[in-house]
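Residue numbers (the numbering used here), protein chains in the order written: chain A, 453 to 693; chain B, 3 to 149.
By construction, these hints were calculated from the structure, which means they are not laboratory data.
Worth double-checking, as some hints may not be accurate.
When the alpha-carbon atoms are kept at most 16 Å apart in a straight line, the in silico EDC-like pairs for lysine to aspartate or glutamate are as follows [as the list claims (entries may be wrong)]:
# : chain 1 : residue 1 : chain 2 : residue 2
1 : A       : Lys686    : A       : Glu591
2 : A       : Lys622    : A       : Glu671
3 : B       : Lys134    : A       : Glu480
4 : A       : Lys686    : A       : Glu601
5 : A       : Lys686    : A       : Glu661
6 : B       : Lys134    : A       : Glu671
7 : B       : Lys134    : B       : Glu102
8 : B       : Lys31     : A       : Glu480
9 : B       : Lys31     : B       : Asp15
Restraint-style ranges between C-beta atoms, simulated for each label pair [stated by the list, open to error]:
#  : chain 1 : residue 1 : chain 2 : residue 2 : range
10 : A       : Pro682    : B       : Leu142    : 40 to 50 Å
11 : B       : Arg100    : A       : Gly621    : 52 to 62 Å
12 : B       : Arg59     : A       : Gly513    : 50 to 60 Å
13 : B       : Leu142    : A       : Leu688    : 37 to 47 Å
14 : A       : Thr680    : B       : Ser143    : 49 to 59 Å
15 : A       : Arg691    : B       : Gly120    : 32 to 42 Å
Please read these numbers as outputs of a predicted model, since none were measured by experiment.
The beta carbon of each residue, even a glycine, is placed where N, CA and C say it ideally should be.
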Amino acid sequence: MSPDRELDALAGEYVLGLAEPEDAAEIERRMRHEPELARLVSVWRERFAPLDMVADRIEPGEALWQRITAELPAAAPSPAVAKAPAGVRPTSSLWSSIGFWRGSAFATGFASVALVAALGSVLLRPEPQPVVVAVLQGEASAGPGAIVEAFSDGSIRLRPLVDIAVPEGKTLQVWTLWDRAVGPVPLGLLQQAQESWLAREGQPVPRSEQIYEITLEPEGGSPTGRPTGPILYKGLASRPL
Amino acid sequence: MLGVAMRIVRRRDLAEEVVHDAFVQIWRKADQFDPALGSGRSWMFAIVRNRALNLIRDRSREELTDDATLEGLAEIGDHDDLIQRLGQSEALRVCLERLERPRRASLVLAYAGGFSHGEIAGRLGVPLGTVKAWIRRSLLSLRECMA
Numbered sequence: 453m454s455p456d457r458e459l460d461a462l463a464g465e466y467v468l469g470l471a472e473p474e475d476a477a478e479i480e481r482r483m484r485h486e487p488e489l490a491r492l493v494s495v496w497r498e499r500f501a502p503l504d505m506v507a508d509r510i511e512p513g514e515a516l517w518q519r520i521t522a523e524l525p526a527a528a529p530s531p532a533v534a535k536a537p538a539g540v541r542p543t544s545s546l547w548s549s550i551g552f553w554r555g556s557a558f559a560t561g562f563a564s565v566a567l568v569a570a571l572g573s574v575l576l577r578p579e580p581q582p583v584v585v586a587v588l589q590g591e592a593s594a595g596p597g598a599i600v601e602a603f604s605d606g607s608i609r610l611r612p613l614v615d616i617a618v619p620e621g622k623t624l625q626v627w628t629l630w631d632r633a634v635g636p637v638p639l640g641l642l643q644q645a646q647e648s649w650l651a652r653e654g655q656p657v658p659r660s661e662q663i664y665e666i667t668l669e670p671e672g673g674s675p676t677g678r679p680t681g682p683i684l685y686k687g688l689a690s691r692p693l
Numbered sequence: 003m004l005g006v007a008m009r010i011v012r013r014r015d016l017a018e019e020v021v022h023d024a025f026v027q028i029w030r031k032a033d034q035f036d037p038a039l040g041s042g043r044s045w046m047f048a049i050v051r052n053r054a055l056n057l058i059r060d061r062s063r064e065e066l067t068d069d070a071t072l073e074g075l076a077e078i079g080d081h082d083d084l085i086q087r088l089g090q091s092e093a094l095r096v097c098l099e100r101l102e103r104p105r106r107a108s109l110v111l112a113y114a115g116g117f118s119h120g121e122i123a124g125r126l127g128v129p130l131g132t133v134k135a136w137i138r139r140s141l142l143s144l145r146e147c148m149a
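Turn these sequences into a full structure, and let the hints steer you where they fit.
Structural data, given as structure tokens:
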């Protein structure tokens, strides 16, 4: 094996976590003085990074954040940096629960803006790619009414694109249909058109051509377990590229 | 981040410990991060994975989990599932799928599961030398394929 391939394989094994502890420590020492080795390691990290992004999403509890923040040196909050960095979804509940991080410790303590932005996105959760996406169209009216994104971990995000009128005593119910023999299966209720996280339980991994729809049902949801009201929006799922 | 740690340490309390230690380390080492070399995200995940690996090396893995979970996770099928979660046009997925199944599994067992050469050899029922050779050759194939 030629020396450059040898070095690259070494970097790759290190990134895979296969270097013995002493060898790993040696590689880390060498990286400080050998820019080529440091570069190869970074390239391998980028190559394998997608496998981190598809890990199950596990929300850290409040207690964990409190333990972490308690140990880091506090810095004075600065209003100038209190805005969420680019790419961060400021609406996330997790983000707001860790408001401390935004304005204070990280933003002022970190030299690198890129790192702050990356940290924001990591704290929130790696943004996984949905398994399927469906654009729900209105029956009669023109234009899309909502977007459904279904993720591999079973979570489903519904994002309305228009305000949907919900009469008194009624509720919106979201359904999916992947097999005519099984019929439509309820995913959840919405009191109003707002971004919602739903879950599929005991259902197969969503696939292309699966139907998602929103119907208008009596308060509390359809009494029969099947859609009874009018279909407001409906769409077929596709796999994103 | 917790999900990445969980794949390696298998226990929620230990995964939280890993994420906690990783954050303290990220905080301390922030000045060493060089944006010219790659994304902050992959740098931080590398720290999480390193902490998780250190933790399982310090304890025997048997102590960390019940055998059923360990065996379940060691199935090659589960690693195919992980690959399936990658976008279909993702270069990593395309290139991993070009490798023979056990070779592909070796890489994913190492990266995502934190398994050592010896553990992978045991799980796949092949000699240690074979796993070492598979990994090296597969890395070089990936390098070509993802270039």
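Checklist entry - Which of the numbered hints are not met once you compare them with the structure shown? => result The structure breaks hints 3, 6, 9, 10 and 12; every other hint is satisfied.
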